[in-house]
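Student: Sequence:
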Amino acid sequence: MQSCKLWMITLIILLIVTKMAVAQSPIPTTLEGPFEPATRLFDPSLRRGSNDLPMDHPRLKKNVTLNFPEQIALAISSPTSMWVSWVTGDAQIGKNVTPLDPSKVGSEVRYGKESGKYESVKKGVSVVYSQLYPFEGLLNYTSGIVHHVRIDGLKPGTKYYYKCGDSSIPAMSEEHAFETLPMPSQSTYPHRIAVVGDLGLTSNTSTTIDHLIQNDPSMILMVGDLTYANQYRTTGGKGASCFSCAFPDAPIRETYQPRWDGWGRFMEPLTSRVPMVVIEGNHEIEPQVSGITFKSYLTRFAVPSEESGSKSNFYYSFDAGGVHFIMLGAYVDYNATGAQYGWLKDDLHQLDRTVTPWLVAAWHPPWYNSYSSHYQEFECMRQEMEALLYQYGVDIVFSGHVHAYERMNRVYNYTLDRCGPVYITVGDGGNIEQVDVDFADDPGKCPSAGDNTPEFGGVCHLNFSSGPAKGSFCWNKQPEWSAFRESSFGHGILEVVNSTYALWTWHRNQDTYKEDSHGDQIYIVRQPELCSPSVKPSVSPSVSSLSAALHSLVLSLSLPLLGMFSLLSSSK
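Mapped onto mature numbering (1 follows the signal peptide of the UniProt record, and there is no 0), the consecutive letters of the sequence shown carry residue numbers -23 to -1, 1 to 549.
None of these hints come from the bench; they were simulated from the model.
Honestly, I wouldn't trust all of these hints.
[What the hints assert, rightly or not] Straight-line alpha carbon distances no greater than 16 Å define the calculated EDC-like cross-link-like pairs of lysine to aspartate or glutamate that follow:
no.	residue 1	residue 2
1	Lys215	Asp33
2	Lys322	Asp310
3	Lys99	Asp129
4	Lys81	Asp67
5	Lys140	Glu91
6	Lys140	Glu47
7	Lys136	Glu96
[Stated by the list, open to error] Cβ pair distances, simulated, as ranges:
no.	residue 1	residue 2	range
8	Thr331	Pro31	46 to 54 Å
9	Arg25	Gly130	44 to 52 Å
10	Val436	His495	50 to 58 Å
All residues carry an ideal CB built from backbone N, CA and C; glycine is no exception.
Could you build all of it, start to finish, from the sequences and the hints given here?
Tutor: Now the structure itself:
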C-alpha cells in the first residue's frame, strides 16, 4: 500500500513538472520497443565516398623538427592515471632502412594542476618498429621513436596541464591539458562518450572529426580500422577503395606506413586533450615478413591491458565513472577454451554493478548486421561469446566494420529479448572504401554462403531456425531485430545520465551545420530489476509486465523535461 502511494505521488509530481516544461517531441526509449524496423535510404545527392587526403595536406604534414614530440595522444589507464604517447624522429622508407636507437631520446612527461606549473615528472618507455617486405619492388619502413609514459597519482575529475618530450636535449612539446575521468560510482559518469569506427583519412573523415570535436567529448571509443594504410602499395601514390581490384598482382596485402604518421598528426589536436581507447580491426592486421601481424597497432597505442588483468593488447577493460567497458578482439582466439574467453569470464565475474551499473562492450565486426557487406561474417564469434555476455547483462555493444549505421532492437540469439543488449554499428567514420548501401534482404543482394569469409577464425554461416526467416539464410524484409539503419557517414555520442538510462545520438556528417539535427536518437534504458543475472530466471511475468509498464509511464512523463535539459547541455 505504501509503495502504491509513493508511486502515485511520484507520478503526480512528474505530471506537474512535465506540463511546466517546454512542449517538444519526446525522445523515444528502448522501453517502447521493440520498434518496427525502419530504413532511411542513401541520399543520392551525396557521394558514397571521397579520396584520401594527400600526405602533403596541412593536417597530415610534419610540423616539428628534430626530436620534438608529434602525434601526441592520450589513452585511458584508470581514473587516477593516464597514458601519454608521442613520436619523435623521422621514419624511413626504402629498400634499406636502419632503425633509430630509441635510447637516444628520453620519454618524459611533466604535469600539474596549474598552467605552466609542472610539479610532477614521470618517465616511460620508447620503442621503434619495422614493416618489412622481402618482395621485388616493395619498400621497407621503420618508424620514428614511439614513446609511452603512464602518469599516475592523479585526482579523478580534475584538469591537468602537461608537456612531453626530453628535457635534457631539450625538446619538449607545447603545453596541453586533459581532464581525468570520474571514479567508478553509480552517480558519476563521463560528460560525453564519442563512438566512431572505420575512420580512415579522407575528406569525409575530416568532416566526421570536425563534427565530433564540436560535440565536445570527454573520451573517444574507436572501434577499429583506423588509418587504412593497407589500401596502398608500399611506394605510396594513390590509395584504392578496393586493394585487390586495383593491385591484383600485389604479392602481399602491403601497406604504406607513412599513412600512420599522417593519421597521428591529423588526430593530435583532439587526442592530445581527449583520451582515446582503441580496439583492433581487420585493417590493422598488416601482414609482413615471417608472419608478423598488427605491428603498427601494437607499437603505437597504449591500452589498459595490464591494468585490467589482460595479457594482451587485443582485449582489455576499464572503468569510466559508472560504466565498465569491455574491449574484445575479433582477430585473436575467441573460442570458449581460449585465453581471451577465460579473461572475459573473470572480468565479468569481478564486476560490482552497484558501483558500475552500466556494462558496455565493443569489438570491430558486428554480430547483428542486415547489410550485405560482412553479413554473418563473425557468426562463429557470436556463437562462442554471446551467451556469456547475455548472462552478465551487457547493456550496449558497439561495433564497426560495416560502413554504415544500424541500431538493433534488444536481441539475443536472433530473438527479440528485452534483456538482450542494444547492438549498434558505427562503421561509418568516412574511410576510402565508401559507404555500404546494399541490404541482405534486398532482392538479389543476399550473399551466398561462400561470401563474407572472415580474415580470422572459422565460417559458421547458418540458416535461421525460427521466426519469419525460418529456413533461410537472409530475411526477405528488414529483420525484426534491426530497429533502424541508414547509409551515411557520421559518429555517435553516448551521454549516460544515471544508473538506468543513457541518451544515444547518432550524428550524420551532412547535419554538421544544422542546428539540433541528428540521424538517430534514443534513450537506452536499463531494467536491472528484470534483467540482472540474479533475478532474470525467477521474475514473474505478471510482475515484470507491471513493473515495466510503470517504469515506461514514469519515463514517458519525464522525458520532455529530460530532453530539454539534454538540448541545453548538448551541441550539434
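Student: Against this structure, judge whether each hint is valid.
Tutor: For each hint, the structure was consulted:
| no. | hint | verdict |
| --- | --- | --- |
| 1 | Lys215 - Asp33 | 13 Å, holds |
| 2 | Lys322 - Asp310 | 14 Å, holds |
| 3 | Lys99 - Asp129 | 8 Å, holds |
| 4 | Lys81 - Asp67 | 13 Å, holds |
| 5 | Lys140 - Glu91 | 12 Å, holds |
| 6 | Lys140 - Glu47 | 12 Å, holds |
| 7 | Lys136 - Glu96 | 14 Å, holds |
| 8 | Thr331 - Pro31: 46 to 54 Å | 52 Å, holds |
| 9 | Arg25 - Gly130: 44 to 52 Å | 49 Å, holds |
| 10 | Val436 - His495: 50 to 58 Å | 37 Å, violated |
Checked against the numbered hints given earlier, the structure breaks only hint 10 and satisfies all the rest.
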